[in-house]
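Q: Start from chain A and add chain B according to the hints.
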Amino acid sequence: MSAVFETTQVTQPSEHEVKAVRSFKAPRDLVYKAYTTPELVKRWMLGPPGWPMPVCEMDVRVGGKFRWRWRSNDEGKEFGFHGEFKEVNAPAKLVHVEYFDPGDVGGDMGEGAIITTEFSEDKGITTLTSLMDFGNKRARDAAVATGMTDGMEQSYQLLDGVLAKR
Amino acid sequence: MQIAKDRLDRTFMALADPTRRAILARLALGEATVTELAEPFEISQPAISKHLKILERAQLISVEKDAQRRPRKLVAQPLAEANEWLERYREAWEASYERLDGLLEELQRAAPRHKPKKK
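Protein sequence lines correspond, in order, to chains A and B.
In terms of this note's numbering, the first sequence opens at residue 1 and continues consecutively.
In terms of this note's numbering, the second sequence opens at residue 167 and continues consecutively.
Keep in mind that the hints were calculated from the coordinates and are not lab data.
Yeah, the Cβ is synthetic: ideal placement off N, Cα and C, and Gly gets one too.
Some hints here could point you the wrong way.
[Stated by the list, open to error] One-sided excerpt, in silico: chain B residues whose CB lies under 8 Å from chain A: (1) 182; (2) 207; (3) 262.
[To be verified] A short list of chain B residues far from chain A (calculated; beta carbon distances all over 12 Å): (4) 206; (5) 213; (6) 256; (7) 265; (8) 274.
Bound-form chain A, shown alone (with noise of 0.2 Å):
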């Protein structure tokens, strides 16, 4: 019997990466359509308070491309990610590669990270892996940093501040 994450469960198995696991009551099949058709990523995906997500597209399939972009409904102010499938095995696994558009709230978040999310189902609780490989330590602790909680533009004034730094 494989373990059950109610809540979100962060940790850092290396200097570069950050894995993200959760379980869901759901069959597998219906997370993997949550997760891969885009008129439902737009209804759950990032985006705090205030930060709809007017563009996604995602062409889920090997060499596809993606586009994320999320407005404040306040500023009108833009940032998003986009990207491209490495490996498409639908219901197990996605493969991406994805680069931040900083758009006009800045920052920075250097060579853009490899995503390998995968999918594994028992007894009707899907599990979701997250595995995001930022590539040096110092993108992916940029990444931590960005937070996506506390608002928006506090998050990447503080990202400013770091990339200013160094």
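A: Quick look at chain B alone, frame taken from chain A:
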């Protein structure tokens, strides 16, 4: 804020090594001398001293200077700060995943074909 970030860098750097994490785990049980800390590892005492220096610089451990044995002690504060940093990141994920929980529930109600598989 900047000072805090520098310290965080040092904390994460210090924590990135398995030997140093093992040393901290040992010190979590109580203070210990360099000789005592070196015992469980198959590395030289100078190598252990090097690890201890990195941990000291990150202010994760302190040295009892007055005592003859110069035991090392765990310092809790920087570890708490490192956890807080990661915790904020974790909360961002959790917020998205909670929205995904709600969406999955809705999809399952809408599409009864998604019944739990029989084993």
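Q: What are the numbers of the hints the structure violates, in ascending order?
A: Of the numbered hints given earlier, those the structure breaks are 2, 6, 7 and 8, listed in rising order.
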